[in-house]
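Chemist: Assemble the complex: chain A is given as a structure, and chain B must be docked to it using the hints.
The primary structure of each chain is shown beneath.
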Amino acid sequence: MSVEDPWSPFREVMESPLEWARTWKEKTGGKIIGHVLPDVPEEIIHAAGALPVAIEGAAVQASHALGHIPTYSCNHAMGTVEMGLRGDLDMLDGMVIPYVCDTTRNLFHIWDRLIPKMHNEFLRLPKRTDHSMARDYLRAEFERLYESFAGLTGKKADAAALAESVKLYNASRAKLREAYARQQTNPGVWTGERVRLLLDSSLRTPRDEHLAWMENLPWNDQSDVAAETIRIYVRGKVWDPPGIAALLDQMGFTVVDDETVTGYRAIAQDAPLNGDPIEALVQRHMATIPYTGYHVEPRKMTGDFVDRVKASNARAVVFLNPKFCEAAAFDTPDFQKALQEASIPSLILETSARGVSTSQISLRLEAFREMIADDLP
Amino acid sequence: MQRIESLKNIKQITTEYFTAAHMAGRTPDKPVVYLNVFTPVEIFYAMDIFPVYPENHAAICGARKVTKDLAPAAEGMGYSMDLCAYARCDLGWIKTGMSPTFGLPKPDLLVVSNAQCGTLTKWFEVLSRIYNVPMFLIDVPHAGRGEKDPAAERYVRNQIEELIKLAEEISGKPLDQERLKASIQLSKQASALWTRMLELGTSKPSPMTVFDQFVSMFPIVSQRGTQPAVDFYAAVVAELEERVKQGIGGVDNERFRLFWDNLPIWPELKSLSTYLDENGANLVTSIYTWAWSMLSVGEEDPIGDWTEQYLYTFNLHMSRRVEQYTLLAEHYDLDGFVYHSNRSCKYLSQDIPEVRDAVTERTGLPGVIIEADHNDPRLYSLESMLSQLDNFLELLASRKKAN
Chain A
511 MSVEDPWSPF
521 REVMESPLEW
531 ARTWKEKTGG
541 KIIGHVLPDV
551 PEEIIHAAGA
561 LPVAIEGAAV
571 QASHALGHIP
581 TYSCNHAMGT
591 VEMGLRGDLD
601 MLDGMVIPYV
611 CDTTRNLFHI
621 WDRLIPKMHN
631 EFLRLPKRTD
641 HSMARDYLRA
651 EFERLYESFA
661 GLTGKKADAA
671 ALAESVKLYN
681 ASRAKLREAY
691 ARQQTNPGVW
701 TGERVRLLLD
711 SSLRTPRDEH
721 LAWMENLPWN
731 DQSDVAAETI
741 RIYVRGKVWD
751 PPGIAALLDQ
761 MGFTVVDDET
771 VTGYRAIAQD
781 APLNGDPIEA
791 LVQRHMATIP
801 YTGYHVEPRK
811 MTGDFVDRVK
821 ASNARAVVFL
831 NPKFCEAAAF
841 DTPDFQKALQ
851 EASIPSLILE
861 TSARGVSTSQ
871 ISLRLEAFRE
881 MIADDLP
Chain B
523 MQRIESLKNI
533 KQITTEYFTA
543 AHMAGRTPDK
553 PVVYLNVFTP
563 VEIFYAMDIF
573 PVYPENHAAI
583 CGARKVTKDL
593 APAAEGMGYS
603 MDLCAYARCD
613 LGWIKTGMSP
623 TFGLPKPDLL
633 VVSNAQCGTL
643 TKWFEVLSRI
653 YNVPMFLIDV
663 PHAGRGEKDP
673 AAERYVRNQI
683 EELIKLAEEI
693 SGKPLDQERL
703 KASIQLSKQA
713 SALWTRMLEL
723 GTSKPSPMTV
733 FDQFVSMFPI
743 VSQRGTQPAV
753 DFYAAVVAEL
763 EERVKQGIGG
773 VDNERFRLFW
783 DNLPIWPELK
793 SLSTYLDENG
803 ANLVTSIYTW
813 AWSMLSVGEE
823 DPIGDWTEQY
833 LYTFNLHMSR
843 RVEQYTLLAE
853 HYDLDGFVYH
863 SNRSCKYLSQ
873 DIPEVRDAVT
883 ERTGLPGVII
893 EADHNDPRLY
903 SLESMLSQLD
913 NFLELLASRK
923 KAN
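Chains as they are written, first to last, in the numbering used here: chain A, 511 to 887; chain B, 523 to 925.
If we strip away everything but chain A, and leave its shape as in the complex, we get (with noise of 0.2 Å):
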């Protein structure tokens, strides 16, 4: 780790974050588990005794997993079967993957049949956020969930050990939060990029390391004031492909808000200190933005976008819309619609989708900017 740059660690995780797993491993002895993402509660994994790594598949290429699931389904899934066949997450001892569409319902049938020896965790996570059974049924597959780890690493199932999990992660969002802030106010240091590094980050090493890590940041470095840029709301699912945060800052775009698993509606909320930690883990599941395959009130669903894109004082929104999603695919036309009765510009990127290049990415986001410059009074 270098003294000079405090964002080296991070960096370190990120150009290899499987094989810095695979080291922590080797040095720490711990247990690892993998989880797919979408709302997997990473307090029960810590509590538990183990870290969680995401996995993402978007940007693998896929090559033995074309024989055990179609080329209809969407990168993260494929990406997901290809890196568990080559071996890629061998170091893994157990494994989520989160019920939140059909493909990673059958993920989980194809990754359960081919990766037996992993103790694999199906989270059936309920669609409706509405309902008070919902909260009872979630409750009790956050439990089951806990009890499951707890017998892979060996530790109790308590609420003691959970309690300080949920306060190690609210403390982790928090600073994450600041640091999202700071794109605003300060994008020449806080770029998107580095924001997009330090979120990476958190999701693949042990929190309080990275919470102590984040603590060498320049928070006082003033530097740079905001320029003049083009302010932009995101919906997706995680930010893929690799380097849009990137192309985003080159283009003189700031992501003010956005809705990605793996952006900051999974920092958004905490859950509360006081009571319960499982019920406190339900309830920040519930108040955060529902994710695409949940259900919601569909006549509420576009309006409650618009309010939310209009609250951030967005200038225009861009969706990154996985090749091959279903619920994305069927939500965004009445999104678009709704934003542009709301004369809020938008732009759908089809990411994760075999052989569409950056470049490609790159031309249409330039031409949305000029887009936009040219519709600004």
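One thing to keep in mind: the hints can contain errors.
What the hints assert, rightly or not - Per the computed footprint, the stretches of chain A lying under chain B, defined by three or more beta-carbons under 8 Å from a beta-carbon of chain B, are:
no. : segment
1   : 673 to 686
2   : 781 to 795
3   : 832 to 842
Said to hold, decoys possible - Partial pick of chain B residues on the chain A-facing surface, computed with a CB cut under 7 Å:
no. : residue
4   : G600
5   : L605
6   : T643
7   : K644
8   : L659
9   : D661
10  : P663
11  : A673
12  : A674
13  : Q707
14  : Q711
15  : M739
16  : R842
17  : Q846
18  : Y869
19  : E876
These are calculated hints, taken from the structure and not from any lab test.
All values reported here derive from a predicted model rather than from experimental measurement.
Heads up, the beta-carbon is just placed ideally off N, CA and C, and yes, glycines get one too.
Modeler: Below, chain B alone, put in the same frame as chain A:
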């Protein structure tokens, strides 16, 4: 092949059904509900709320080959070609007004259960916005590895109870328990007859093909809980029993007994059935048509039965699907499996390569995967499909010879 005469009644039944649906749509005190399969239709029949199935309508559009006009219209509305072709056909007819059934009546309520797939939830959300009507999702958690899940049971049961309250609000009257019992009775009879019909496929030769089952599905999907469904299946079963006695098969010369996985390829029912008939291959059973044999409930605690059904019967871990296929292989004395890798139905298709391998490991029977689409002929090549089937039948023939 000698056709099944009683299946001809399906035209009259569908005509009467859609006429009644359109009448309901024009009658102020006869609300219309859009449903999917794993929802308690008996409740709606008992409350004079007319049930309509957009999937059924889309399948008719596919079979009548109008997808090529409807799907592009939906795509023009911004809906990706990667989305389910049923949904695209439905949105396409709303946009264009083109439909072999003169469309569907406007709904007053949308009810969907995700024991089937997540696609329907999102599709119905779009409909809720188009028609500005309420939508009720019965959220059914995945059955895991089949272990009992009391929290999930409470969750599903509670939602069905809420649904009844909502239906009472929409219809303006309480659910009449006697009418519900009557509807459940009829539903049970139709389900029993449907099951009997599928069971007759174990005869050699099988008196009907899975294509015949697809053609006969309409009443078990749309009219469970009504007399016309019972009458229709009673006539079909009687005719099939007679065919069994006389040794009349669904194909002329049954050489191979095969399983069909997934939804039909509606635009190719005729071409595929003709090809298989000419080659002595009889699709004798399918997990898809078996689904409707599991839908009847008891009169004592129907809500409990629906809960059990939705939770533990349909949204299964793959390993349980493999167990079912293995049992069917023995029950029907199958020679092989034809798996339809269906671009429009990721839910039923993405794990097919693993299902195929697992089933072959368990049964020793080969399986072929053909990639197609249940409704959109622009997304597959019939020639490639037939060529794959050619190779597969050759393989089966050589296996038979070797044995």
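Chemist: Checking against the hints above, which ones are violated?
Modeler: Hints 1, 2, 13, 14, 15, 16, 17 not satisfied by this model.
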